[in-house]
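Asks: This is what each chain is made of:
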Amino acid sequence: MASEVAAKDEWVKLNVGGTLFMTTKTTLCKEKKSFLARLCLDDPDLPSLKDETGAYLIDRDSRYFPVILNYLRHGKIIVEPTLHIDGVLEEAEFYNIQSLVEQLTEKKNGRDTTVQVGDQK
Amino acid sequence: MASEVAAKDEWVKLNVGGTLFMTTKTTLCKEKKSFLARLCLDDPDLPSLKDETGAYLIDRDSRYFPVILNYLRHGKIIVEPTLHIDGVLEEAEFYNIQSLVEQLTEKKNGRDTTVQVGDQK
Amino acid sequence: MASEVAAKDEWVKLNVGGTLFMTTKTTLCKEKKSFLARLCLDDPDLPSLKDETGAYLIDRDSRYFPVILNYLRHGKIIVEPTLHIDGVLEEAEFYNIQSLVEQLTEKKNGRDTTVQVGDQK
Amino acid sequence: MASEVAAKDEWVKLNVGGTLFMTTKTTLCKEKKSFLARLCLDDPDLPSLKDETGAYLIDRDSRYFPVILNYLRHGKIIVEPTLHIDGVLEEAEFYNIQSLVEQLTEKKNGRDTTVQVGDQK
Amino acid sequence: MASEVAAKDEWVKLNVGGTLFMTTKTTLCKEKKSFLARLCLDDPDLPSLKDETGAYLIDRDSRYFPVILNYLRHGKIIVEPTLHIDGVLEEAEFYNIQSLVEQLTEKKNGRDTTVQVGDQK
Numbered sequence: 083m084a085s086e087v088a089a090k091d092e093w094v095k096l097n098v099g100g101t102l103f104m105t106t107k108t109t110l111c112k113e114k115k116s117f118l119a120r121l122c123l124d125d126p127d128l129p130s131l132k133d134e135t136g137a138y139l140i141d142r143d144s145r146y147f148p149v150i151l152n153y154l155r156h157g158k159i160i161v162e163p164t165l166h167i168d169g170v171l172e173e174a175e176f177y178n179i180q181s182l183v184e185q186l187t188e189k190k191n192g193r194d195t196t197v198q199v200g201d202q203k
Numbered sequence: 083m084a085s086e087v088a089a090k091d092e093w094v095k096l097n098v099g100g101t102l103f104m105t106t107k108t109t110l111c112k113e114k115k116s117f118l119a120r121l122c123l124d125d126p127d128l129p130s131l132k133d134e135t136g137a138y139l140i141d142r143d144s145r146y147f148p149v150i151l152n153y154l155r156h157g158k159i160i161v162e163p164t165l166h167i168d169g170v171l172e173e174a175e176f177y178n179i180q181s182l183v184e185q186l187t188e189k190k191n192g193r194d195t196t197v198q199v200g201d202q203k
Numbered sequence: 083m084a085s086e087v088a089a090k091d092e093w094v095k096l097n098v099g100g101t102l103f104m105t106t107k108t109t110l111c112k113e114k115k116s117f118l119a120r121l122c123l124d125d126p127d128l129p130s131l132k133d134e135t136g137a138y139l140i141d142r143d144s145r146y147f148p149v150i151l152n153y154l155r156h157g158k159i160i161v162e163p164t165l166h167i168d169g170v171l172e173e174a175e176f177y178n179i180q181s182l183v184e185q186l187t188e189k190k191n192g193r194d195t196t197v198q199v200g201d202q203k
Numbered sequence: 083m084a085s086e087v088a089a090k091d092e093w094v095k096l097n098v099g100g101t102l103f104m105t106t107k108t109t110l111c112k113e114k115k116s117f118l119a120r121l122c123l124d125d126p127d128l129p130s131l132k133d134e135t136g137a138y139l140i141d142r143d144s145r146y147f148p149v150i151l152n153y154l155r156h157g158k159i160i161v162e163p164t165l166h167i168d169g170v171l172e173e174a175e176f177y178n179i180q181s182l183v184e185q186l187t188e189k190k191n192g193r194d195t196t197v198q199v200g201d202q203k
Numbered sequence: 083m084a085s086e087v088a089a090k091d092e093w094v095k096l097n098v099g100g101t102l103f104m105t106t107k108t109t110l111c112k113e114k115k116s117f118l119a120r121l122c123l124d125d126p127d128l129p130s131l132k133d134e135t136g137a138y139l140i141d142r143d144s145r146y147f148p149v150i151l152n153y154l155r156h157g158k159i160i161v162e163p164t165l166h167i168d169g170v171l172e173e174a175e176f177y178n179i180q181s182l183v184e185q186l187t188e189k190k191n192g193r194d195t196t197v198q199v200g201d202q203k
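Chains as they are written, first to last, in the working numbering: chain S, 83 to 203; chain C, 83 to 203; chain H, 83 to 203; chain Y, 83 to 203; chain G, 83 to 203.
In short, the hints are calculated from the structure, not lab data.
The reader is advised that the hints may include incorrect statements.
Identical chains share a label here; the pair holds if one copy fits it or two copies do between them.
Cut-off 16 Å, straight-line C-alpha distance, at most; resulting in silico cross-link-like pairs (EDC-like, lysine to aspartate or glutamate) [claimed, not checked]: (1) K115 to D125; (2) K114 to D91; (3) K115 to E175.
Modelling step: build the complete structure from the supplied sequences, incorporating the hints.
Replies: The following block contains the structure:
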């Protein structure tokens, strides 16, 4: 719970394709090698830009972003029936979150028989 | 009705993952042990931060939040067909609303044969 | 048509759970005994508060509110397939719009065989 | 294409029930007798009001408005599966777009066997 | 990745029918002959106008725009179940993205047997 309501420098604003999101560094850094971890750690090899409100600009679709963020927040993959799993997979690949890419690919190929989260009841 | 249109210090702004919500302390305090009650009562053990508009920052998904708030407002669990019950359950656990966690779990496991609210007609 | 594009003091701003709506007094006053009629007529028995933009604060879910407003605007009940009828009914009860409560209850109980509006084609 | 990216006085802001839309006079004037043509031509018989951002205030539901605008833009009727055809018809009648009212009524009554646009593939 | 987080003059704001989107010139210029490439390259034959926030004004429906942008970003066609394929096709034609028009037409006519992206799993 400490990570959700945290010190001021913990909070990060993201402008994903024109839509604002707010989250914490703790969430973004869950997957060390991901684009999001590198972004909020200001990796010098990753040129980044902020908009006028101080939000990191990311040229991606905002509709899938909550699924990505939730995975980093609590580790579960929950895809709403209004979203396309291919869209989420595409974003997982862009953000370079390997464990998510793998689970989504398994899910898509129907080889995922153990994980129940994500199957509408 | 008195609680819905109330004195100025009754209203609370919440920034849930980048999306603004407004509600009252009466609503947030319905479940004493919940994260939301502790937040609006400024529990010293719960470090919190507000954004530049004075809204409490919460690092969670905004899409499920209306279901949580409605449960606190009127006590019923109504999950839209566009939302995933696993997503709501995850939030109920985070916000530490035990009665909601229990009812959602029963609903999910199909053991819920009495409650009709939440089943699309 | 006169009521839709009307004099300046005809327009009312509403902040429903954090989301802004605009409508007219004529629309809000369609059902005399409703919470919304009392609100815009500044009923002294109904303590009310406005946000910093001058919008009346209402502690309810914004997702169902368009269905309520439309009913006041044109008298028809049209519930989108993405919305839960129980959610609309709950709001109709809160806003104290008796004719809407009755029709929704009939609809829900399947006793509504005459009204065709609201059944997806 | 000339009409879409046009001179400054071509652009019109509309505040539909609290939600902002932007379009051009060319689009709004496609149907001469419609409410929207009369609005943007400042018909003296149609009293109108603008909000503080200069947008014309319209007391209608914003969710159906894109379908109406698209019809004026390109002449096709495309109703998303999340929207109710009765809701679109109601708006077409309010905005007084006769050709749209007729086609939607035919569609609704199932007498529309030629037009394929609007049937999900 | 270089193109997503890029230099300041790389970023472009678009106001599509009243809704704001942000993307990069690299994305918009993927299809040389498209309306979007001509727009961001300030083609003198394409008269354009910006709103007060510096966003290019485009008189089109914002709901389909993410599908168009995603196609330019990663080359895949992913249409959510809440969207109508005819609506996307109409936009692809307006924006003059020939490869997208062709693939969507094939998809719609059911002649598309190889591409699996876009078919909900």
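Asks: If the cutoff is 16 Å on CA atoms, where do K114 and D91 land: within, between, both or neither? Let me know, please.
Replies: Neither, since 19 Å and 29 Å both go past 16 Å.
Asks: Within a copy, between copies, both or neither: which one fits K115 and D125 at a CA-CA cutoff of 16 Å?
Replies: within (11 Å within a copy, 36 Å between copies)
Asks: Should K115 paired with E175 be assigned to within, between, both, or neither, using CA atoms and 16 Å as the limit?
Replies: Within one copy only: 12 Å inside a chain, 28 Å across chains, cut-off 16 Å.
Hint compliance for this structure: hint 2 is the single one not met.
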